[in-house]
Structures are given as C-alpha cells and as structure tokens.
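Residue numbers (this note's numbering), protein chains in the order written: chain A, 84 to 240; chain B, 84 to 240.
Hints are supplied without guarantee of correctness; some may be wrong.
Identical chains blur together in the list; that is why a pair holds if it fits in one copy or across any two.
As a list, the in silico SDA-like pairs of lysine to any residue whose alpha-carbon atoms are at most 25 Å apart [to be verified]:
hint, residue 1, residue 2
1, 204, 159
2, 203, 160
3, 141, 168
4, 142, 206
5, 201, 224
6, 204, 215
7, 204, 145
8, 203, 133
9, 141, 208
10, 204, 156
Simulated from the structure, these hints should not be mistaken for lab results.
There are 2 protein chains.
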Amino acid sequence: MQRKSFHGNICPVARSLDSIGEWWSLLIVRDAMVGVRRFNDFQRRLGLARNVLSARLKKLVANGILEQVPATDGTSYQEYVLTEKGNALLPTLIALRQWGEQYLFSEAEPRNTLVDKKHKKPLRKMQVYNADGETCTTSDLTLIVGSRQEEVEEKSA
Amino acid sequence: MQRKSFHGNICPVARSLDSIGEWWSLLIVRDAMVGVRRFNDFQRRLGLARNVLSARLKKLVANGILEQVPATDGTSYQEYVLTEKGNALLPTLIALRQWGEQYLFSEAEPRNTLVDKKHKKPLRKMQVYNADGETCTTSDLTLIVGSRQEEVEEKSA
C-alpha cells in the first residue's frame, strides 16, 4: 500500500510519525481531538483512500477509541467522536507533537501549534516524573518484567 | 506483510500499538531504552524478520534516533544506541505505556512495569499542563494552523 510521506508536513505529530514509522490511526485521533467528526472531513484532511480510512475508523470504533453518534445537525449522517479512552491519548499525542516540534522543524518553519484556549499560549513541555515528582530520563528507569527485574546490559555512558 | 498481533502482549506499549495501529519502530526505541544494543537481541525480543528489523534499524539510524557504535566488549560487532533525539522520545513512550496500562489490561493481569531505579516505584501519571501549570484536557485546547486559528466544529459535550 502506498503511503503519503509526512516529511514536509506542517504538523509535528505527522512529521514525527514519518520519522519513526507509520501510525495513521493516531492522526485520526489527533483530528478528532480538534473537533473533526465526519468521514468526509477526516478524508479531506488526511488524504487517505476512502476504503483505508473506513477500515481505520472501524478499528478505532471496535477498540473503543471512537464512537459513532448521530449527526448534530439532524441529518442522517453518522459522526465520530472520541470516547473517554480516546481522549486519554492526549498526553501521548502532546508528547509526540513536542518531540516533533523540537527535532523535526527548523526554527522559522511554519507549524501547527496547539495552545490552551484560555491563554492562547503553548503547553508546558511534557516531562517524566517519578513518584516523588523528580524528573526522570531514560537512565533513571528500569523495567520490571512481570514481577522479575529484567537483566539488560548496562548502558555505557 | 504479515504482522504479529500484540493483543495479548505483556507490554502496555505493545498492546497500545495493537489497539491503535502499528508502529513497530517505537518498540525498537522502547527496547533500546532498557539497554538492548545488539541486532540479535532486538530480533529475539521483537520476533521481527531479520530483513524487516534491518530496514527499521537503518531508518532509525538515518533519522538520527539511533546511532551505531562499536561493541563494548571489543568484538567487531556494531551496537545500536539511542541518540539524544532518540532518548527524547521517553515522554511519548511513557504516555503511551500508561494509556495501555489503564485501558488494555485488567486489574490482576501481569504486565511489564517501568519504575525509577532509586525508589522502585511506578512513575507519576503523565499529564498535559498549560503554561501556568494547570492540567488540560482535549476540550481546553485549540489548534493554530500556521498563524491562523483553525475553524473546526465545536464539540458537543
């Protein structure tokens, strides 16, 4: 299946996905988060083939991330809205967006920006904190597999 | 291309990807974050075909997320380590992991847990904050496209 490249896309999320791999469905979630509800609007924004978009939407509904509701304008259209589970992807999307903003755009390059409605200011940088509220980097973390601490080679600094 | 399903996988990140779409390369980054460095170790953990893994690693190196370094044991092997850009994917991975933990596992189900080395306690829940440090949900945010605020339908609550 051919995939449109997001290399030069204005959206940091889209560009992050292009840089790492592909994850189209997250872009559907992203669009739903800014209020896109209709098949044709998703289709126009994402430039996906209708059958592909249809399959992705179906999977998101099946997995409880989106749900179908009757159109708000009283027509017979169905619209797609995020469930609570779908909305809970916000931190993932914001973290991914900020990564893209930091690493995949040059300083002066135009980009989509997500701001809070009240202040119209960009969001605070997403950080990982331990239970005591101290910021963590990769080297501060360790993986527990089931109940067993995993043996992995120590990283050489 | 056939893809192994992560539906019942022990790792919340893997299961999140299965639920949303596919994004294999993020699993390579995830493994690199816990110290996996060698091709064969990635291969064994991910169960990817060697040619597919090879292509994914190559892309991650090309995109500056991983870099190749000589093996630490003095052999002629090459190892893969995360760059600063690669390590900066940590908030994305943690957010995705926590989402999977919350929505894709039952209470008693065994799972991989990422803890901080110092306290051996799970991390604080990732939250989105505005510039003033107030927590934000999807409905608090608006998208600025370039310099123009995007007109999207208002969500009905």
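Taking the hints in turn, this is what the structure says about them:
no., hint, in the structure
1, 204 with 159, "neither (38 Å within a copy, 51 Å between copies)"
2, 203 with 160, "neither (33 Å within a copy, 51 Å between copies)"
3, 141 with 168, "within (16 Å within a copy, 34 Å between copies)"
4, 142 with 206, "neither (30 Å within a copy, 30 Å between copies)"
5, 201 with 224, "between (35 Å within a copy, 8 Å between copies)"
6, 204 with 215, "between (28 Å within a copy, 9 Å between copies)"
7, 204 with 145, "neither (35 Å within a copy, 33 Å between copies)"
8, 203 with 133, "neither (35 Å within a copy, 47 Å between copies)"
9, 141 with 208, "neither (33 Å within a copy, 29 Å between copies)"
10, 204 with 156, "neither (32 Å within a copy, 49 Å between copies)"
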